[in-house]
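*Asks:* My request is simple: use the sequences and hints to build the entire structure.
If you're matching them up, the sequences are chains P and V in order. Taking our numbering, I'd label the letters of the first sequence as residues 10 to 213. Taking our numbering, I'd label the letters of the second sequence as residues 194 to 372.
The hints are simulated quantities; they were obtained by calculation from the structure and are not laboratory data. The structure presented is a predicted model; accordingly, all values stated were derived computationally and were not measured. Check before you lean on any hint, since a few could be wrong.
Pulled from the structure, derived: some chain V residues nowhere near chain P, Cβ distances all over 10 Å [stated by the list, open to error]:
| no. | residue |
| --- | --- |
| 1 | 208 |
| 2 | 213 |
| 3 | 234 |
| 4 | 239 |
| 5 | 249 |
| 6 | 261 |
| 7 | 267 |
| 8 | 276 |
| 9 | 281 |
| 10 | 354 |
Covered by chain P, according to a simulated footprint, are these stretches of chain V (three or more residues, beta-carbon under 8 Å) [to be verified]:
| no. | region |
| --- | --- |
| 11 | 224-230 |
| 12 | 309-316 |
| 13 | 335-349 |
| 14 | 356-367 |
Yeah, the Cβ is synthetic: ideal placement off N, Cα and C, and Gly gets one too.
Here are the chains, one letter per residue:
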Amino acid sequence: MTTPQGNGRVCASPIDTAVLMDYWLAALSPDDEDVIEQHLMTCDQCGDRLREIIALAEGLRVLARSGSLNVIVSDQFVSHAAETGLRVREYAPKPGESIQCTVAADDDLLLARLTADLTGASRIDLSWRDPRGIERQRMQDIPIGGDSGAVILQQSITWAKASPTLSMTARLLAVDAHGGERVLGEYTFNHTRTIPGPPGWTID
Amino acid sequence: MLFELSDAEVTERIAAGHREAETEMCRRMAPRIRLYGLRHLRSAAAADDLVQQVLLKTIEALRAGRLREPEKLAPFVLGTCRMTVLDLRRTARRQEELLEEFGGILVPEAAAMPTLDDDQLARCVGSLRERERSVVVMTFYDEQTAADTARFLGISEANVRVIRHRAIQQLRSCMGAAA
Chain P
10 MTTPQGNGRV CASPIDTAVL MDYWLAALSP DDEDVIEQHL MTCDQCGDRL REIIALAEGL
70 RVLARSGSLN VIVSDQFVSH AAETGLRVRE YAPKPGESIQ CTVAADDDLL LARLTADLTG
130 ASRIDLSWRD PRGIERQRMQ DIPIGGDSGA VILQQSITWA KASPTLSMTA RLLAVDAHGG
190 ERVLGEYTFN HTRTIPGPPG WTID
Chain V
194 MLFELSDAEV TERIAAGHRE AETEMCRRMA PRIRLYGLRH LRSAAAADDL VQQVLLKTIE
254 ALRAGRLREP EKLAPFVLGT CRMTVLDLRR TARRQEELLE EFGGILVPEA AAMPTLDDDQ
314 LARCVGSLRE RERSVVVMTF YDEQTAADTA RFLGISEANV RVIRHRAIQQ LRSCMGAAA
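*Replies:* See below:
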């Protein structure tokens with residue numbers, strides 16, 4: 010790495026964005042970190058880019074903690090969320106089961122733990138259907154833990170809090186290379202709206 | 194113009210007693226020290242404290258002519274950052290008397306942090322592939338390591354880094370950042 014320049018001069022060897030993110034995440038080796046810190050101590054241009062990375066990381070941290078994303082998460086993630094004081098509401102229906110569920114105004118995270126035999130499936134989709142059987146959402150090729158035997162879905166808490174009373178069915182589907190599908194598990198959630206006020210959305 | 198001086202020239206002027214050179218050194222080094230502090234202390238307030246303490250120690254050293262190779266100002270400041278962070282972690286003791294003595298030049302205007310459109314960021318994260326979104330959420334929720342995420346996904350740490358880098362690249366592009 011050549012000597013960079015400070016004072017608004019152009020950097021001759023800008024640090025790669027991925028490396029800056031690794032630096033921020035403390036994912037570099039001590040030697041690599043040392044090289045980066047020496048560069049940053051003389052280069053304001055890369056410092057400005059690191060500030061952008063920090064702002065992005067902070068935005069992602071806030072978003073990740075907001076519970077507003079639909080995302081597959083790990084057991085460790087769930088445990089840590091509970092340990093940090095978040096109010097976690099979790100439902101764990103068995104395959105073929107239909108359960109009653111709701112969400113409260115002060116819930117922070119809403120989770121569905123879907124157990125199924127996932128062995129042998131190279132790709133798994135998670136499909137949501139309305140009572141008429143119309144697919145409303147599909148999460149394609151969801152990540153599956155090595156030996157979990159379950160999928161933990163964090164459902165958007167903002168979406169759920171705005172939801173009307175309705176039933177939705179989740180299906181875990183094994184999808185083969187030709188697009189053929191096999192149902193691994195089907196789970197029906199009968200959601201009752203308990204938060205006062207009108208729902209934020211309705212189903213067509 | 195002090196702005197145009199090299200670090201070595203600024204250092205030499207401080208040793209010769211030029212107070213304006215001290216202000217220039219603080220203006221130049223404070224944002225860099227603050228970034229180091231944000232990275233290692235994970236707190237804006239602690240990073241601001243670090244800026245003050247490192248600048249104090251640096252001014253003292255430069256006034257006393259203890260930096261024998263003036264062109265090595267940046268390595269000296271980096272070394273001082275490292276020692277100070279260690280001290281902060283051990284004692285968390287403040288140097289308030291010194292702060293009073295040196296006053297306002299220790300708090301030059303901090304470089305503004307970029308702001309993000311949170312709604313746009315949520316849309317961009319929503320457009321990621323499921324695996325990428327999971328990696329991003331688990332990485333940034335509590336800075337889970339690549340090893341933790343790799344264990345969950347049943348893939349290698351290197352693969353987690355590749356997925357994360359690809360996702361970050363896509364997010365920056367979606368947010369309109371320069372490459």
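*Asks:* Does the structure break any of the earlier hints, and which numbers would those be?
*Replies:* The structure conflicts with hints 7, 10, although it agrees with all the remaining ones.
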